[in-house]
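Required output: the full structure, derived from the provided sequences and hints.
Protein chains: 2
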Amino acid sequence: MSMDTDPQPQGDDRDDDAYVLDPKTVTAILYAVEIRDAARLSELMAPLHAADIADLLEQINAFDRSRLVRLYEGEFDGDILSELDDSVREDVMSLLQPSTLAEAVRELDSDDVVDLVEDLAEPQQEAILDVLPVQDRIAVRQALSYPETSAGRLMQREVVMAPEHWTVGEAIDHLRNSDHLPEQFYHVVLVNPRMHPVAQVTLGRLMGAPRATPLAEITEEVFQIIPVTQDEEDVAYAFNQYHLISAPVVDDDGRLVGVITIDDAMIVLDAEHEEDMLHMAGVTESSLSDRAIDTSKARLPWLGVNLCAAILSSLVIAQFEDVIAAFVALAVLMPIVASMGGNAATQTLTVAVRALATKDLTPANVMRVIRREVLVGLLNGIIFAVVMGIIGMVWFGLPQLGLIIGAAIVINMVIAGLVGTAVPVILDRFGADPALASGTFVTMTTDMMGFFAFLGLAAVVLL
Amino acid sequence: MSMDTDPQPQGDDRDDDAYVLDPKTVTAILYAVEIRDAARLSELMAPLHAADIADLLEQINAFDRSRLVRLYEGEFDGDILSELDDSVREDVMSLLQPSTLAEAVRELDSDDVVDLVEDLAEPQQEAILDVLPVQDRIAVRQALSYPETSAGRLMQREVVMAPEHWTVGEAIDHLRNSDHLPEQFYHVVLVNPRMHPVAQVTLGRLMGAPRATPLAEITEEVFQIIPVTQDEEDVAYAFNQYHLISAPVVDDDGRLVGVITIDDAMIVLDAEHEEDMLHMAGVTESSLSDRAIDTSKARLPWLGVNLCAAILSSLVIAQFEDVIAAFVALAVLMPIVASMGGNAATQTLTVAVRALATKDLTPANVMRVIRREVLVGLLNGIIFAVVMGIIGMVWFGLPQLGLIIGAAIVINMVIAGLVGTAVPVILDRFGADPALASGTFVTMTTDMMGFFAFLGLAAVVLL
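Heads up: the protein sequence lines correspond to chains V and A, in order. Heads up: the first sequence begins at 174 in our numbering, then just goes up one per residue. Heads up: the second sequence begins at 174 in our numbering, then just goes up one per residue.
To be clear, the hints were calculated from the coordinates, so they are not data collected in a lab. Treat the hints with care, as some may be off.
Because identical chains cannot be distinguished in the list, a pair is counted as satisfied if it fits within a single copy or across any two copies.
As the list claims (entries may be wrong) - When the alpha-carbon atoms are kept at most 27 Å apart in a straight line, the in silico DSSO-like pairs for lysine-lysine are as follows:
1) LYS197 - LYS532
2) LYS532 - LYS470
3) LYS197 - LYS470
Shown next as structure tokens:
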């Protein structure tokens, strides 16, 4: 059993980057690859966790990556594959000899194999499943039969369970006589005769309780059962909300079929956060190691949507060419009205998207939140209206211009508060992702309304 | 020992909101509060987890909240306080009778008390500490002596440990004879005679191994030691990166002083994500239950920064009043150039901020990522330049106008790729939060450069 007790982070004085791959190590590794020194490479890679090696492979360029993988092939660990980003993973898998790949996959737990193969094309998937022992292959195929992003794909099938009427002593003896305990488990799930989970007991409590204690007396207070078809998003929410460490998974008949542990839930939660953040900016699934042409393609659609939104704003401006021709100052000031509204809307939108994700924004408080956001828009709108009104008046010496820009800012910031909250809430209500598209739609609205309010008021007052 | 085995989410057919507080329950609870029916309220609240009750208290208005807390006071659980948002928490604490509050606080683990009191003013902090048993009070004071957001604030002081030379049998006997095992623990930490942690053993493995096995032979492969002064952000990163469940915490001399578990790390990770997302939009710490006036104040600073940025853009436009007066079409089209640049920059920026947070963007690949983003800007810029060039030409019948807007879009989208990556990287290098301010600064740059490139080219070509 190898033991990695090197307290690496302690020796590191750069607090801020305590765990990041040391640039010196990266340079040394790339040099070893350059001079094809396999022994030195092994030595440098030995202290690294599989997750760090995966990060390294993602960060170096494709040429170095292929040379590194070939040189390190003899020691290539299956866990590295699990930790890799999808885009780099396929690349690395194609670099490995079939025998190395088979060996690497055989080392993995069945839920990690599922993660590895679920995005592969059929023939590649089959090639990998073929190298697995029969039992694992069945487990992986079973998991793949559950819908994508369901609890069934996340769970481990190995569950440690005990009949609900057992005592602590019986459970301990049973565990100590089991041949095949999972590598990581934290609870014993109590089941009734129909194999329905009824409670769970932590190993710590099991250790601490007298042998004669019935298990039913030391069960955990918080106990959540996860249906196998539940979406992974809801699974992650439950782990986060109820501070779960592991939870039993049941089939449609309520029978225990597996267990999900917090590390799996944490990965989902992390992916959700990433998705929310990227979607708000109109970026879809991506990786830093994607090629420029792929990144370019991935970003085109939202830029296209944005172009259409921008053209709509231009059409609004085009309606007021006369008044702009008469007062060029309007062209100078109009982006300010749009920008303040866009900024206020983005603030509101971000808070709303986040609150929807954490289920803090619900039917119980949505009207109050919208009212509050509109009020915030009004308050801040008035403040900036005064500031900008004075600036506009002094700058261009036209008192009416100050009034116009002030009024337009108030109007646009109130609209920002309204659409910034209402748009994500409505998208969510209709089952769409509240983050996706909200940003573009909301700023399109504040741009158009900003130009319309400002130029429209100007046309009425100045012409 | 109470046991909550109600498999509530299973009975719920709205997949999408499997765990959210049911609006019907909320209505029923508020009705019970309205008619002051304490028995009915208890009945409705009984199946709810403390985290759900906290969510409920955050979602209802202040008046209902105070009536609910007073009616429910007799059964108020300490965990509800731990789960509440800071803003609502102080409000709720002030509603409780001192005796109820004391009882609620006494129920909590010392790390939860730390979380509860760390943001309170001195006298309130003292009042709460006074109700604790002496030993807990010392533990809380000790924790408060560590820097804010350090590992010392997160850790539990109760650690289950064993000398490194023990066997499985010795460890099990010791655990079974201990009076005070922590409620939740997952590992036994092995220490050397100087109390330095050297490895850890999971309870599952301890259960499964023969009694004569030395503990040193069944230690976990992945083992990370956390310095007590390490920032919680780095702690959360380590848990996420290395899939840790718990990790020992050591003082400056390397002696074991506590343990951090994954649930604490998960809360930090969640807060980090929230912070990144909000900071990018120029929103600081906030809660949906804040009052409008507080929210307004919190958002003013960034709106102020944005106003300055918008005025700078206006100053750029003001330099070209002549050419705009001659060709009003420029005023109509100029927001498109700025908007496309701003959108491309936000896409790039979001990817960069996220990659910095996950430590995927490092000195090893930063130059390659910047080159790629600039190339993506160039590629997409050319595509939209062609589209917009044609539209501009057809719309206004001026072929030069098509060329000018096309060229300006290419220039601005290349700049977007550059500043979208470089700004967060530079902020990060100087120890600032790459999310904070990036958004405003980056879009200010693309606004100014967009107007400058478009109007500048127009002045040269058209005048």
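Verification of the supplied hints:
no.: 1; hint: LYS197 - LYS532; in the structure: between (44 Å within a copy, 16 Å between copies)
no.: 2; hint: LYS532 - LYS470; in the structure: between (33 Å within a copy, 25 Å between copies)
no.: 3; hint: LYS197 - LYS470; in the structure: neither (35 Å within a copy, 46 Å between copies)
Of the numbered hints given earlier, the model fails hint 3 alone.
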